[in-house]
Amino acid sequence: VQLLESGGGLVRPGGSLRVSCEASGFSFSTYAMSWVRQAPGKGLEWISEISGGGSRKYYADSAKGRFSVSRDNSNNTLYLEMKNLRVEDTAVYLCTRGDIITGAAAFDIWGQGTLVTVSS
Amino acid sequence: QSVVTQPPSASGTPGQTVTISCSGTSSNIGSNFVYWYQQFPGMVPKLLIYRNDQRPSGVPDRFSASKSGTSASLAISGLRSDDEADYYCAAWDDSLSGQVVFGGGTKLTVL
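If you read the protein sequences in the order shown, they are chains B and H. Here the first sequence stands for residues 84 to 203, where the numbers follow the working numbering. Here the second sequence stands for residues 2 to 112, where the numbers follow the working numbering.
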């Protein structure tokens, strides 16, 4: 059971970036998936969750209107599209497996994360 | 500032029992399950407690948790030096179309 993030990097304020998370070792479409971020030296901040089938999506206030979560169950991949990035979005973005239903903070599998740096 | 509040730090000596509190509201802890995570420096979080008081396989029974009303707590008994880590509580919040809220985290120091 594994989650592998990719796509992080350096981006200018106002720019866009898409990060990905490839899942393996479990029935990907069965589980809700979330993105959680952690700024350097700071705590965990939940960003977004998507249901197993992809029909239900939830966002933190900090992500609403700028971030978009999606998934491709045929390729076992989770995405987070980020637009209008701000310096304060700088963080390690972690992909995590949720419960079989949405509506729970149950994250039992975590990827290693991908670093997104927003700087001019 | 998180809507779920934890003390920023806690400490104890080896063998002691330490308790970490987590205070929320009726829309999160008061109406949903609480989860606890352990994170060592440079590592990703690990699920420590699920559904208020359940331990995943492999988590020692030195770790226990409870919930009452809009508050929850994590207790670590027989404290060991390798329990030194950051601990986070989390819950779903039914307000604002639904979202997960994490506590700010508690850094546990074993003296």
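Heads up, some of the hints might be wrong.
[Stated by the list, open to error] Okay, derived cross-link-like pairs now, DSS-like style, lysine-lysine, Cα gap no bigger than 27 angstroms in a straight line:
#1 B:Lys147 with B:Lys166
#2 B:Lys140 with H:Lys47
#3 H:Lys108 with B:Lys125
#4 B:Lys166 with B:Lys125
#5 B:Lys125 with B:Lys147
#6 B:Lys140 with B:Lys125
#7 H:Lys108 with H:Lys47
#8 B:Lys140 with B:Lys166
#9 H:Lys108 with B:Lys140
Just so you know, these hints were derived from the structure itself, not from any lab.
Check each numbered hint against the structure and report the violated ones by number, ascending.
Going through the list in order, the structure violates hint 9 alone and respects the others.
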